[in-house]
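**Q** Sequence:
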Amino acid sequence: MNPPRPDRWTAARLADFYRRMSAHYGPTHWWPGDTHFEIAVGAILTQNTAWTNVEKAIANLKAARLLSPKAMLAASDDALETALRPSGYFRQKAKRVRLFCEHLLKHYGGSPKRMSARPLPELREELLALHGIGPETADDILLYACGKPVFVVDAYTRRILSRHGLVEPNIGYEPLRALLETHVAPDLHTYREYHGLIVWTGKDFCHTHPRCEGCPLAPTLRPDHPLL
DNA sequence: GACCAGGCACATC
DNA sequence: GATGTGCATGGT
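To convert a position in the first sequence, counted from 1, into this note's numbering, add 56.
Everything labelled a hint here was simulated from the structure, so no lab data went into it.
Incorrect hints may appear among the rest.
[Said to hold, decoys possible] Simulated crosslink set (DSS-like; lysine-lysine; CA at most 27 Å straight-line):
#1 Lys118 to Lys169
#2 Lys151 to Lys112
#3 Lys126 to Lys162
#4 Lys162 to Lys259
#5 Lys151 to Lys118
#6 Lys204 to Lys169
#7 Lys151 to Lys162
#8 Lys126 to Lys151
#9 Lys151 to Lys204
#10 Lys126 to Lys112
#11 Lys259 to Lys204
#12 Lys118 to Lys162
#13 Lys259 to Lys169
#14 Lys151 to Lys169
#15 Lys126 to Lys204
#16 Lys204 to Lys162
#17 Lys126 to Lys169
[What the hints assert, rightly or not] DEER-style ranges, computed between Cβ atoms:
#18 Glu178 to Arg121: 31 to 37 Å
#19 Asp260 to Tyr229: 55 to 61 Å
#20 Glu111 to Ser78: 22 to 28 Å
#21 Arg61 to Tyr145: 37 to 43 Å
All residues carry an ideal CB built from backbone N, CA and C; glycine is no exception.
Please construct the entire structure, taking both the sequences and the accompanying hints into account.
**A** Here you go:
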């Protein structure tokens, strides 16, 4: 897919969004997690699920001492599913998390750090080839667990940028990622914070039924914008 | 009680 | 290629 031609208006717009959200929230330190493995597991568990529910599941995993690749593979279906229950889709997610563990153990001795030594494009393809890991989950893992500068796109990203007129609401994942990576200079810290800020802004203000009062990005909408 | 949440795979046309 | 559906819990 051809990257879009860079334009200064889009770059300036995206830089302004970042400044505004950053001024409103300060550092998000997103993504939370004690280990790279925990972050990767969280990325799978948060698929179409509120983060508060993921936190409960991760706490369960820790309490049951299941938060390692070997422990997850050794656990019974019932033990793993019971721990994951609060995060929803728990049968699917138990399978997906296990598949990821198998891959990690087989190819990297269970070490996300060793996995991270692979070059970005190959590693991304490798993750996408795993059943249950789509583009957003792969990019969460790459950015936050592996330290690769990929811009994570999620529902909030698409919603915010389309409501602000930068893209069409139905833009695909890869075109949107290409747009962002073309107009925001690749930097690990910036990409991590930018996504964290989008998540926080999205949770607070950017629902399916929009509520823009108090949103740090509201002032960037034109005064006659339908959301205002 | 309805609606929603940071997806993904699969079936069907 | 586009569109629809199942998966499941917990908060508002």
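**Q** Hint by hint, say whether it matches the structure.
**A** So, going through the hints one by one against the coordinates:
| no. | hint | result |
| --- | --- | --- |
| 1 | Lys118 to Lys169 | holds, 20 Å |
| 2 | Lys151 to Lys112 | holds, 18 Å |
| 3 | Lys126 to Lys162 | holds, 11 Å |
| 4 | Lys162 to Lys259 | violated, 37 Å |
| 5 | Lys151 to Lys118 | holds, 18 Å |
| 6 | Lys204 to Lys169 | holds, 12 Å |
| 7 | Lys151 to Lys162 | holds, 16 Å |
| 8 | Lys126 to Lys151 | holds, 14 Å |
| 9 | Lys151 to Lys204 | holds, 26 Å |
| 10 | Lys126 to Lys112 | holds, 21 Å |
| 11 | Lys259 to Lys204 | holds, 25 Å |
| 12 | Lys118 to Lys162 | holds, 23 Å |
| 13 | Lys259 to Lys169 | violated, 31 Å |
| 14 | Lys151 to Lys169 | holds, 23 Å |
| 15 | Lys126 to Lys204 | holds, 25 Å |
| 16 | Lys204 to Lys162 | holds, 22 Å |
| 17 | Lys126 to Lys169 | holds, 16 Å |
| 18 | Glu178 to Arg121: 31 to 37 Å | holds, 33 Å |
| 19 | Asp260 to Tyr229: 55 to 61 Å | violated, 24 Å |
| 20 | Glu111 to Ser78: 22 to 28 Å | holds, 24 Å |
| 21 | Arg61 to Tyr145: 37 to 43 Å | holds, 40 Å |
Of the hints listed earlier, those the structure fails to meet are numbers 4, 13, 19, in rising order.
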